[in-house]
Structure formats: C-alpha cells, structure tokens
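Number of protein chains: 2
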Amino acid sequence: MRGLLLASGTMSLCDDLPLPTARKGWSRVRVLQAGICATDQALDRGYMGFCGVPGHEFVGIALDGPLAGKRVTGEINAGCGTCELCRNHDSRHCKHRTVLGILQHSGAFAEQLSLPNENLVHVPDSVSDSAATFVEPLAAALHIADDVDLARHKRALVAGDGKLGLLCAHALALHGCNVTIAGRHPERLPLLPRGATLVSGWLEASAPKDVLPFDLAVDATGNSDVLPRLLALVRPRGTIVIKTTTERPTSICWSSLVVNEQRLIGSRCGRFAPAIAALANGSVPVERWIAARYPLAQALQAFQHAGTKGTLKVLLQIS
Amino acid sequence: MRGLLLASGTMSLCDDLPLPTARKGWSRVRVLQAGICATDQALDRGYMGFCGVPGHEFVGIALDGPLAGKRVTGEINAGCGTCELCRNHDSRHCKHRTVLGILQHSGAFAEQLSLPNENLVHVPDSVSDSAATFVEPLAAALHIADDVDLARHKRALVAGDGKLGLLCAHALALHGCNVTIAGRHPERLPLLPRGATLVSGWLEASAPKDVLPFDLAVDATGNSDVLPRLLALVRPRGTIVIKTTTERPTSICWSSLVVNEQRLIGSRCGRFAPAIAALANGSVPVERWIAARYPLAQALQAFQHAGTKGTLKVLLQIS
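If you're matching them up, the sequences are chains H and A in order.
Counting the first sequence from 1 gives a position; our numbering is that position plus 1016.
Counting the second sequence from 1 gives a position; our numbering is that position plus 1016.
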C-alpha cells in the first residue's frame, strides 16, 4: 500500500508498504483523512526515535471487526491486554503498549491501519470527515476536566494559541471556565470560544501587574521554558496542566511551588466519547482551523506546509 | 525578654528583646518549649532573608485572649484577616501574611510570642509539652491526606529518613498506606511505623530492578535533586508530594511526566486538630525522636547540636 514512511530520520512516500495483517481482536481500517499534528513534526525531528508510518489523528472505514463498514476513528494506545493496567481499562499507560503512529505501531498516513476492536469508535453522520480528524486532539484537550476540578478552577489561562492551545481553550470554555489565551497570533481571536480573551507578550515578558492570579494554567506552547512564568501567574493552591512533551529539561524553583502549594499535572490522551459529542453538536468549530488539504501523494509538501509558521491544521486526504 | 535573635546572618542570644505588645484579636503566649526544625537551620543559612526571633514549633501558656491560662500551641500563618483568602479561612496563603519565626513575625525561641486568637489551639493533658512541640510538623505531614486521595495511593515511598520523613511515614501509615522509607539511617528502623520498610541507596543509585512502582512518593529529603529519581519510581498517574523547600532549581524532563500523566504537588502546613488527636492517642511516638533538650541560655549550642549529622529533634526549654 501507499504511505508515508519515517525511517532513519528521513520521511519518504512509499508505494510498497505491507498492508496490516488480520489479527484476532483487531480491526483493519481504510483511512479516509488524517491530520498532521505537532507530535508528527516532532517525530520527524527525532522525538521518540520513531521508525514507521506516522499519523494518529484519523477517520476511516472499518474493513472488518464489529464496526465493519462503519465510519470510525480510534483511540491510539493499544495495550497488551493482560497486565493489571489493561485489565483496569487503562491501556493508555500499559508498559507494553504500542501507540498508533508514535510507538511501534504503523500509523494513519497510509491507506490502511489496524487497531484493537475496543479502540475503534463509531463516528456519527453529524461529524464530517474533516471534523473527525480532530477527535483525538480534542479528547486530549477535554481530558483536562478528568484531572482538574474545574468548578474550583474557573479562571483559566491557556499558554499557546496553536492547534492544541485553541482546543484546550474550547475544552475549558465548554466546562464553564473563563478563558484567557496567551499567544502570538492576535488574528486568531475569531477562532476562540465566545467570551475568551487573547493576550500577547505575557509568556515572553511580564504580564501586566494588575492581572489577578489564575486558578489554572495549561501549557500548550511546546516549550517548557514557560513553566516558571505560569507558576507565577497561578494562585496559591492553583494548578498547572502540562500538555507540552518536550524532552529538553527545564528548571523550576521548587520552594515557591511548595510555599504556594501549587500542583503540576502531566496530561496526555483523553476519552473519545465527549470529543465526538462536542463535535457532533458543533460546540467546537474545528473546520475553520483547516489551513489546507493535500492528497497522500503530496504528503511531503503537506508536512512542509504544516511546519510553516502560523499554519493551523493541515489534513491529508488518504483515500 | 530573653530570646534568640537572627540578624544580618548572625544568631545571638539577647536579654533585652521587646515583649510582644497587646493587640486586639491576638493573644500573647509564654513559651514553655520549642523545637528546632530544618527550616530554622535553613533560615540561619539565609533562607527567606529572615531577621528576627526564629522558632515556630512550640507549646506555651496563653497569657490573655480566649484561652488565657491554658496550654496552647498555634498555627503559624497569620493572615491580614480582610482579603478574599482570609475571609475563606485560608490565611496560610494570604499574600500579606506573616509566619511565626519565618516571615516578619517574632517566633518561639523567646520567652513570649503572640498570634491571632484563632490560631491558638488548646493542648489536652494527654499530650506532653515535648510531644506538643511536634504538633506543627505532624500537621504538615498529615496535610498530605488533604491533597492526595490516599485510598488510591496505598503504596507510598517517603524519601528522606529525617524528622520530616519519619513524620510523613507515620502520617501515611495512619491513613492505611503501605510505607517504604528511602534514607541513610538503617538504625532508625525502630522509629518507623509498624510494617514500614527502610531501604537505603535508592536515592543515590538505582533502586533494585524488581521494585514495583509506587503510587505516591513524598520528597522529605531537603534536596530536590531526588525528584527525577522519584518520578522514575512512581507509576503512571502517580503522585509526588514535595515537602522540600529548597531555593536551588532542579531540572525535570517534562515529556516523561506528561506521557506518564504524573502529578507534582507542593505541600506545606496542615491543620492542627488531626495532629493533636494523633499525639493524644499515642499513634506517633514522637518523644523517642528527641535527641536532647537545652535551656534557652544554651540555645546556640542547641542549634549546633541540631545541625550535627544524624541528630533528630533538639528541643529548647524556654521557661
């Protein structure tokens, strides 16, 4: 089959990739569309040492399994199925998991992929193909509500106005937060949830002195250097959710965290059902964030476009 | 009055310190005993730039106010009383707070101190003077249970087998945790809660490979360099509580925290009532940790003794 292959640090389009094989308890999926995400670009730069087909934001048609013939997307972590975590329905943290397009698992930038049956989720007709490619990242954004009591964290700051930052802003607004986004793109104001505020310069220089401390800050910048600044903008007993997966270490002055009893929470993937529901009722207007669509044949150009400063979502039309 | 004064980086015994003045809503306390804590030693080395009488672990007799004549100890944070935090009973985080013996508030290493009436807590007869000096640090240790759902964090590792580490181990054991302490003093095994395990070398080198990951780790080492090691010893979605208030920054590799969805929680002072209850029923045998008692006249020697490697608690007999 045709697909994009990342091997030895080089991305190339291949026409002779092996089709996924049939496997008990797994379904094969014909990929329709897939989104290019910052993680894919990081993989291309060497993150995780990934070798294989990248891509984990997708919509497709199940070719076999319980959802055969249906339009589906899928949770990207495939656990071993037997360890204690998997038995407790937490395959996201299974030590032996594979992760679609990220860790020892061929991903969505190819004509077919395969996932365990229980990972696949039916996409209702009210969600377009393009919108369905946002289910995975929106689920990750909505996952903040699983880890933080948002009723006690109403005043929220989202650091970063890229794709993930916008999704986090919408996720928090859906949960009733009063959202401020600190970013570099004032022109993105129309893409924010209603009532949200867009500020710039707060992450590079000091925020204005009269800013009330936030209850919650979410780092969606891709740059953990902002953490000390976020800690300074959050109230005592407030929370910082970290979405940035940079491998570069950053220093924190721990005494201030301890004296202020703040908490830092690492946050990754989320449940798909709430994300599909939000897309189905049009709560998050993700289609307005699509900068371009490319056929799989032009996947390399699509990656180049996705990496251009200021570009939001680039989609690949696979089949 | 007589007391120990820390000024311009020098500790000295003074006989002519001013007595605390009467103040509406505050009580004066004649100090009976006070404990020397690692924070006092850090203040002596310049932490917080404190100038004044240190000391915040105490028992005394209230000289006026609602508890006049009673034996008391007291919560150490004195809020402004008017800000939103104080109105919501969280003066511990009031921006304008003073902290007994730590921040712009004369402390317990003197014949008298004063605190807001609502900070004072009656010490029942079942708690000795010496045990009562442990109320404040035991409250801080028990405070872990306010911030962490210990029913989901049964397997706990306490890093550090000093005073605070021992108190945290007992606090966690009281809440039903299965406790391991990583420290440097195998001879302290008899001071641990029943059933706890004492291991050494885990914080300096690698823990044995077959160690199951912990649900919770508490840093009570005074050295935040152990944090990366604690993150490696804690399971996905596990928690690290930081009690260490070092101003020296330490680097963390955030991507591992994010992928494992771990959380770091800064933790400081706690509620006195549960600590007094635990001491009253003999659950935490703190009197066995007392290495020495010195009269106030020998306070400088007491500090020297407290700073000697391997010394647990040194108390000052004030009056």
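No lab work stands behind these hints, which were simulated from the structure alone.
Worth double-checking, as some hints may not be accurate.
Where chains are identical, the list cannot tell them apart; a pair therefore holds if satisfied intra-copy or between any two copies.
Derived EDC-like pairs: lysine to aspartate or glutamate, alpha-carbon spacing no greater than 20 Å straight-line [claimed, not checked]:
1. 1325 <-> 1226
2. 1040 <-> 1241
3. 1040 <-> 1060
4. 1040 <-> 1203
5. 1225 <-> 1263
6. 1086 <-> 1263
7. 1170 <-> 1241
8. 1170 <-> 1100
9. 1325 <-> 1163
10. 1225 <-> 1100
Checked hints:
| no. | hint | in the structure |
| --- | --- | --- |
| 1 | 1325 <-> 1226 | neither (32 Å within a copy, 47 Å between copies) |
| 2 | 1040 <-> 1241 | neither (45 Å within a copy, 47 Å between copies) |
| 3 | 1040 <-> 1060 | neither (32 Å within a copy, 67 Å between copies) |
| 4 | 1040 <-> 1203 | neither (49 Å within a copy, 56 Å between copies) |
| 5 | 1225 <-> 1263 | neither (32 Å within a copy, 24 Å between copies) |
| 6 | 1086 <-> 1263 | neither (38 Å within a copy, 57 Å between copies) |
| 7 | 1170 <-> 1241 | neither (25 Å within a copy, 34 Å between copies) |
| 8 | 1170 <-> 1100 | between (35 Å within a copy, 16 Å between copies) |
| 9 | 1325 <-> 1163 | neither (31 Å within a copy, 41 Å between copies) |
| 10 | 1225 <-> 1100 | between (49 Å within a copy, 19 Å between copies) |
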